[in-house]
Amino acid sequence: MFGRSRFTQFATFLALLGPALAASLYRYDTRAPEEVRALGGIMSRNPDGAGTVLQHVTAVHDDDPWVSTTSSKALAKCGAKCPGTVYIYKIDPTGLNYVNTVKTLGDDHPHPGEKEFSINGMVPWNNIIQVDTYQNGKKIKTTTREEFDTPPSSPKSAPKSPGHKI
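Using mature numbering (1 follows the signal peptide of the UniProt record, and there is no 0), the letters of the sequence shown correspond one by one to residues -22 to -1, 1 to 144.
Simulated from the structure, these hints should not be mistaken for lab results.
Beta carbons are placed, not taken as given, at the ideal position from N, Cα and C, and that holds for glycine.
Each hint should be verified, as a subset may be incorrect.
Taking lysine-lysine pairs in the PhoX-like style, the calculated list, with each CA pair at most 20 Å apart, reads [to be verified]:
| id | residue 1 | residue 2 |
| --- | --- | --- |
| 1 | 81 | 93 |
| 2 | 68 | 55 |
| 3 | 81 | 116 |
| 4 | 93 | 55 |
| 5 | 51 | 119 |
| 6 | 81 | 117 |
| 7 | 51 | 68 |
| 8 | 59 | 117 |
| 9 | 119 | 55 |
| 10 | 117 | 51 |
| 11 | 116 | 51 |
| 12 | 119 | 68 |
| 13 | 59 | 116 |
| 14 | 81 | 59 |
| 15 | 51 | 81 |
| 16 | 119 | 81 |
| 17 | 117 | 68 |
Beta-carbon label-pair distances, calculated as ranges [to be verified]:
| id | residue 1 | residue 2 | range |
| --- | --- | --- | --- |
| 18 | 15 | 88 | 19 to 25 Å |
| 19 | 85 | 17 | 31 to 37 Å |
| 20 | 26 | 59 | 21 to 27 Å |
Between the sequences and the hints, there should be enough to build the whole structure, so can you do that?
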């Protein structure tokens, strides 16, 4: 009668779990959204590979099945300062098989400041929310996945004139 309700227990569980889940993830990439969409998403080097997360973050394994992302948009934007055209992909992690490398590896993590979430296999195109395009370090546009997926509307033909009869 005086114990906690199941709802209270569930709400407490979600509140504690919240910080462990990333709301959005980000990836700096030189591949254009058209190329990423054609591939079905952002692919790892070897989606069927057997490399571990530790091997991935220490870059000692050629059979790498992991895609690097970060929970920090500011950190992803650091890569956008290079010359040329680069892209920052905003990713919805829902349904993805990812590992918070900082929490998982703890003191063994060689680069904890990267705030890396490694995604196993690939990031499907449908998990990409939007893409920021940078040219020579300046953000020039933001495009949503829906905008990429919606074909441009065909130009409307000019209205027909009723013409004049003599």
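Cross-check of the supplied hints:
no. : hint                  : result
1   : 81 <-> 93             : holds (9 Å)
2   : 68 <-> 55             : holds (11 Å)
3   : 81 <-> 116            : violated (33 Å)
4   : 93 <-> 55             : holds (13 Å)
5   : 51 <-> 119            : holds (16 Å)
6   : 81 <-> 117            : violated (32 Å)
7   : 51 <-> 68             : holds (8 Å)
8   : 59 <-> 117            : holds (10 Å)
9   : 119 <-> 55            : holds (14 Å)
10  : 117 <-> 51            : holds (13 Å)
11  : 116 <-> 51            : holds (15 Å)
12  : 119 <-> 68            : holds (13 Å)
13  : 59 <-> 116            : holds (7 Å)
14  : 81 <-> 59             : violated (28 Å)
15  : 51 <-> 81             : holds (19 Å)
16  : 119 <-> 81            : violated (34 Å)
17  : 117 <-> 68            : holds (14 Å)
18  : 15 <-> 88: 19 to 25 Å : violated (33 Å)
19  : 85 <-> 17: 31 to 37 Å : holds (36 Å)
20  : 26 <-> 59: 21 to 27 Å : violated (34 Å)
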